[in-house]
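Residues 1 to 130 in our numbering are what the sequence shown spells out, letter by letter.
I should point out that these hints are in silico values taken from the structure, not numbers from a laboratory.
Don't be surprised by glycine CBs; every beta carbon is placed ideally from N, CA and C.
A hint or two may mislead.
What the hints assert, rightly or not - Simulated DEER-style distance windows between Cβ atoms:
hint : residue 1 : residue 2 : range
1    : E43       : Q96       : 31 to 41 Å
2    : K31       : E99       : 17 to 27 Å
3    : P90       : K31       : 15 to 25 Å
4    : M62       : N93       : 12 to 22 Å
5    : K52       : S114      : 32 to 42 Å
6    : Q108      : E34       : 29 to 39 Å
7    : P90       : K33       : 28 to 38 Å
8    : K102      : K66       : 29 to 39 Å
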Amino acid sequence: QAGKGCEMHILLPANAAEQDIRPLSLGKADKGKEESILVVEDEIELCRLIKKMLSNLGYKVMATTKAREALDHFHNNHVPDLLLTDVMMPGMNGMQLIEAVKKLHPRQKILVMSGYTDDIVSDHGLLGNI
Numbered sequence: 001q002a003g004k005g006c007e008m009h010i011l012l013p014a015n016a017a018e019q020d021i022r023p024l025s026l027g028k029a030d031k032g033k034e035e036s037i038l039v040v041e042d043e044i045e046l047c048r049l050i051k052k053m054l055s056n057l058g059y060k061v062m063a064t065t066k067a068r069e070a071l072d073h074f075h076n077n078h079v080p081d082l083l084l085t086d087v088m089m090p091g092m093n094g095m096q097l098i099e100a101v102k103k104l105h106p107r108q109k110i111l112v113m114s115g116y117t118d119d120i121v122s123d124h125g126l127l128g129n130i
């Protein structure tokens, strides 16, 4: 019932040694084949980290902290295989960037990232639209 809260019960085993616990093995990730990714993240350290990680996986990565600079790539026909963009950024935000890119290149592949909750992302009209 709205406004009333809820009660939850979580049952944990008394002795973890009784459980068959094994480390999760995800295997090796496939390496990129020099596909190009344009990363747009306003926090410079995070932008550098994402660029380094994706480069190490074999992708050709361009990165910027400004959405307008990213849009210039598309205006100059430097179209990446994937646009990876943050949502909340000063100036032109991720949603505005996506709208502008979709007008220029309607079939552009886009992956959105955000450190904010679904509520904030949905307030920007992103859920279900990309």
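Hints, verified against the model:
1. E43 x Q96: 31 to 41 Å: violated (18 Å)
2. K31 x E99: 17 to 27 Å: Since the Cβ atoms of K31 and E99 sit about 33 Å apart, the hinted range of 17 to 27 Å is violated.
3. P90 x K31: 15 to 25 Å: violated (34 Å)
4. M62 x N93: 12 to 22 Å: Since M62 and N93 have Cβ atoms about 19 Å apart, the given range 12 to 22 Å holds.
5. K52 x S114: 32 to 42 Å: violated (20 Å)
6. Q108 x E34: 29 to 39 Å: Once the Cβ atoms are compared, 18 Å apart, the range 29 to 39 Å for E34 and Q108 is violated.
7. P90 x K33: 28 to 38 Å: holds (34 Å)
8. K102 x K66: 29 to 39 Å: The hinted range 29 to 39 Å is violated for K102 and K66, with Cβ atoms some 19 Å apart.
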